[in-house]
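Number of protein chains: 2
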Amino acid sequence: MRQSKLFPKTIKIAPKDATSASHKYLVQAGFVDMLQAGAYTYLPLAWRVITNINKIVREEMNAEGGQELLMPALQSRSIWDETGRWDGSLSDVMYQFKDASGKDLGLAATHEEVVYDLMRKFINSYKDLPLAVYQIQNKFRAELRPKGGLMRGREFMMKDLYSFHLTLEDLNGYYQKMIAAYLRVYGRCGLDAKVVEASGGVFTDNFSHEFQIVSDAGEDRILYCDGCDFAQNTEISKLKAGDKCPKCGLPIKEGKSIEVGNIFNFGEKYAKDMNGYVNDAQGNKQPIWMASYGIGISRLVATIVEKYHDEKGMIWPEAVAPFKIHLISIKKDEAAEKIYDQLVAAGVEVLFDDRDLSAGAKFADADLIGLPWRVVVSEKTGDQVEVKKRHQTESSLIALTELLDQLK
Amino acid sequence: MRQSKLFPKTIKIAPKDATSASHKYLVQAGFVDMLQAGAYTYLPLAWRVITNINKIVREEMNAEGGQELLMPALQSRSIWDETGRWDGSLSDVMYQFKDASGKDLGLAATHEEVVYDLMRKFINSYKDLPLAVYQIQNKFRAELRPKGGLMRGREFMMKDLYSFHLTLEDLNGYYQKMIAAYLRVYGRCGLDAKVVEASGGVFTDNFSHEFQIVSDAGEDRILYCDGCDFAQNTEISKLKAGDKCPKCGLPIKEGKSIEVGNIFNFGEKYAKDMNGYVNDAQGNKQPIWMASYGIGISRLVATIVEKYHDEKGMIWPEAVAPFKIHLISIKKDEAAEKIYDQLVAAGVEVLFDDRDLSAGAKFADADLIGLPWRVVVSEKTGDQVEVKKRHQTESSLIALTELLDQLK
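Order-wise, the sequence lines are chains A and B.
In short: position in the first sequence from 1, add 206, done, that's the working numbering.
In short: position in the second sequence from 1, add 206, done, that's the working numbering.
One or more of the hints may lead you astray.
Same chains, same names: a pair is fine if it fits in one copy or spans any two.
[Unchecked claim] Dumping the calculated EDC-like pairs for lysine to aspartate or glutamate here, alpha-carbon to alpha-carbon at most 16 angstroms:
#1 Lys-530 <-> Glu-265
#2 Lys-568 <-> Glu-403
#3 Lys-462 <-> Glu-425
#4 Lys-383 <-> Glu-270
#5 Lys-513 <-> Asp-432
#6 Lys-230 <-> Asp-432
#7 Lys-309 <-> Glu-349
#8 Lys-594 <-> Asp-611
#9 Lys-218 <-> Asp-449
#10 Lys-333 <-> Asp-562
#11 Lys-309 <-> Glu-265
#12 Lys-327 <-> Glu-288
#13 Lys-218 <-> Glu-517
#14 Lys-530 <-> Asp-287
#15 Lys-594 <-> Glu-474
#16 Lys-538 <-> Asp-287
#17 Lys-333 <-> Asp-560
#18 Lys-211 <-> Glu-270
#19 Lys-446 <-> Glu-474
#20 Lys-614 <-> Glu-524
To be clear, the hints were calculated from the coordinates, so they are not data collected in a lab.
Keep in mind that this is a model prediction, so the values were computed, not measured.
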């Protein structure tokens with residue numbers, strides 16, 4: 207894509223209220239724009255990142271048998287009254303209102319009730335189990351204090367998967383598979399996630415598992431061990447920093463972290479609340495067991511920026527970068543046009559800065575936007591190109607064919 | 207995909223209130239499920255159709271320079287007060303409510319105000335124009351009488367593109383290009399759309415252009431000519447059936463039709479209402495001209511079914527079908543498993559009916575779901591397969607390699 211056509215241009219001045227690198231850079235580089243507190247437009251560059259993340263998420267959910275669907279965000283009260291969440295734990299975070307006829311409506315903050323209703327309608331036999339369905343969708347939560355940027359919003363993108371089982375044993379096995387799938391998702395996005403024991407919050411009385419990324423920009427605090435996989439949210443932990451790890455005995459650490467996912471083993475709660483039962487092979491009535499698994503897609507975008515940036519801007523991991531290459535022509539000339547055409551023909555995703563600007567302005571934009579590879583064409587590059595990875599300081603002159611080899 | 211795992215199974219009995227083929231078959235075949243009047247879950251089979259349609263839509267929008275983004279559905283009143291639509295023409299169709307702090311919020315029924323706000327914020331130079339952005343998103347409309355199925359809902363999927371121009375001339379040129387792009391979209395979905403002059407409705411005082419598919423299941427009535435491209439919505443036409451076509455002189459026809467798209471040339475309306483101006487190359491202040499272009503994605507799904515079905519079920523055009531092939535094994539045997547593996551390895555999208563059911567039950571499901579190719583493996587097919595296209599009555603025995611050739 208030609209940068210002269212890209213909407214919008216980068217902004218000179220960072221937002222005044224930005225307290226985190228992700229908020230600052232995502233706004234300044236033209237990735238997102240705030241419509242109102244907690245509600246952002248994903249502009250084309252952020253949309254490309256989200257598309258890449260969603261592709262990874264879909265691949266890993268599909269690999270565990272997840273079937274994609276899309277449920278309505280607009281929901282009637284009756285379904286939420288069955289579990290008592292309309293007036294209960296969700297009443298503070300759910301947008302609730304009446305339509306013209308006086309009927310109570312709510313905007314989905316989560317989908318357990320709706321998906322369970324679907325299951326009790328369609329699951330008629332033990333042969334229909336196990337089953338996993340998921341969706342990627344904007345969710346709504348009436349946050350009193352939304353955080354700037356994509357960290358905590360009133361409208362945000364989420365992937366939510368729900369799994370259904372004939373036995374607790376089967377549920378527990380799938381729950382472990384999904385933990386592994388989540389770690390693959392974060393790993394492919396360049397993040398090292400910790401699996402953390404946590405409270406079930408408004409969702410369940412049991413412990414849940416959070417996926418946390420250690421970061422000073424986080425709002426959570428976790429206790430974790432560098433020697434093993436022990437990790438607990440401080441909200442529920444009886445330990446403190448320096449205590450011995452209950453798993454391996456090393457002293458545990460405490461740190462701030464960003465929650466990028468949360469999974470809940472509801473067991474037979476929904477079967478009881480919403481009357482979801484099915485006969486097993488022996489003809490005995492069994493509850494349809496459920497667990498739910500969420501990933502905050504838009505928060506993940508911000509988290510990646512928190513982990514990958516420097517004082518000049520963002521540094522996107524290749525798997526999620528909006529484009530692979532930032533091609534910069536120092537002077538408007540034929541050579542750069544030709545290389546752009548060759549890169550596009552080779553199927554490489556390239557942002558071509560074809561604008562009539564100084565080299566300094568172009569380099570500053572490239573550092574801010576943070577594409578993995580910067581490729582410069584100038585009078586002195588001859589029939590080669592000047593290549594630098596975003597995190598490197600030194601560039602090197604190589605032939606285009608060599609660059610294409612390295613990109614593979 | 208194995209049909210034994212597909213969620214959900216087909217339903218024996220059609221919904222009682224179904225008055226159209228699309229409503230009946232989409233529910234019965236397990237493509238959609240109603241959560242409440244006007245709000246449907248897109249189940250995995252419908253989601254696959256939608257994914258295919260959206261791919262076509264993205265390709266054609268991108269081909270005309272459209273840049274994809276995603277704007278919030280949750281919007282504050284202030285932006286709508288600028289054009290007077292909060293209390294005006296949109297007040298009846300927009301869900302409006304207050305948050306806990308008493309602030310007025312609305313759910314997006316359309317996005318002209320929000321996108322224009324984005325443009326006046328970011329367009330600083332005539333060099334930033336022309337520009338086109340689009341999104342694919344669930345929209346909300348407080349329909350008093352939603353229609354069964356996907357035809358008219360309270361939550362529905364829409365593609366909306368907005369284009370911005372320095373001059374009316376440039377806008378008019380792009381408007382024509384977008385008409386051509388829309389006709390390509392419908393054509394690739396198997397639909398023959400008519401471009402129909404219509405009222406601007408709640409959107410503009412000017413005429414708009416609708417894209418209509420002639421169908422008895424439609425709620426609109428249009429006058430059209432078989433000899434040329436003349437077409438008008440009866441709402442605005444001064445003609446009647448049998449009158450001479452004003453373009454070519456042939457007698458015009460009247461028929462019911464389904465509106466699958468609508469485009470609006472707003473001219474400088476938004477520039478005036480929302481103060482959107484930019485200097486041209488000569489330094490003269492010019493309005494930022496806007497047009498908007500919508501396609502009802504979920505309605506398109508229903509429309510395709512209205513055009514392509516028979517008394518047994520749906521008949522999906524190849525480009526949008528949820529799977530290309532319905533592979534049916536008459537008896538559970540190795541041969542069918544092997545052919546399934548070969549089709550998957552060849553990259554063909556195949557639904558494999560591996561269930562322990564009678565041939566009759568499997569054929570009935572295949573006719574209902576309506577995949578383009580039915581491929582049967584039985585004791586009598588030997589090392590060949592029995593192939594029939596959904597709309598054909600006679601099948602033929604061919605080798606698998608020949609089938610793969612035909613699929614190309």
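Each hint tested on the structure:
no., hint, result
1, Lys-530 <-> Glu-265, "neither (20 angstroms within a copy, 20 angstroms between copies)"
2, Lys-568 <-> Glu-403, "neither (46 angstroms within a copy, 47 angstroms between copies)"
3, Lys-462 <-> Glu-425, "within (6 angstroms within a copy, 57 angstroms between copies)"
4, Lys-383 <-> Glu-270, "within (8 angstroms within a copy, 43 angstroms between copies)"
5, Lys-513 <-> Asp-432, "neither (18 angstroms within a copy, 62 angstroms between copies)"
6, Lys-230 <-> Asp-432, "neither (31 angstroms within a copy, 58 angstroms between copies)"
7, Lys-309 <-> Glu-349, "between (24 angstroms within a copy, 13 angstroms between copies)"
8, Lys-594 <-> Asp-611, "within (15 angstroms within a copy, 46 angstroms between copies)"
9, Lys-218 <-> Asp-449, "neither (47 angstroms within a copy, 62 angstroms between copies)"
10, Lys-333 <-> Asp-562, "between (64 angstroms within a copy, 11 angstroms between copies)"
11, Lys-309 <-> Glu-265, "neither (39 angstroms within a copy, 40 angstroms between copies)"
12, Lys-327 <-> Glu-288, "within (15 angstroms within a copy, 46 angstroms between copies)"
13, Lys-218 <-> Glu-517, "within (15 angstroms within a copy, 63 angstroms between copies)"
14, Lys-530 <-> Asp-287, "neither (49 angstroms within a copy, 42 angstroms between copies)"
15, Lys-594 <-> Glu-474, "neither (55 angstroms within a copy, 46 angstroms between copies)"
16, Lys-538 <-> Asp-287, "neither (64 angstroms within a copy, 45 angstroms between copies)"
17, Lys-333 <-> Asp-560, "between (59 angstroms within a copy, 13 angstroms between copies)"
18, Lys-211 <-> Glu-270, "between (40 angstroms within a copy, 12 angstroms between copies)"
19, Lys-446 <-> Glu-474, "neither (33 angstroms within a copy, 63 angstroms between copies)"
20, Lys-614 <-> Glu-524, "within (12 angstroms within a copy, 33 angstroms between copies)"
Hints 1, 2, 5, 6, 9, 11, 14, 15, 16 and 19 from the list above are not met by this structure, while the remaining hints are.
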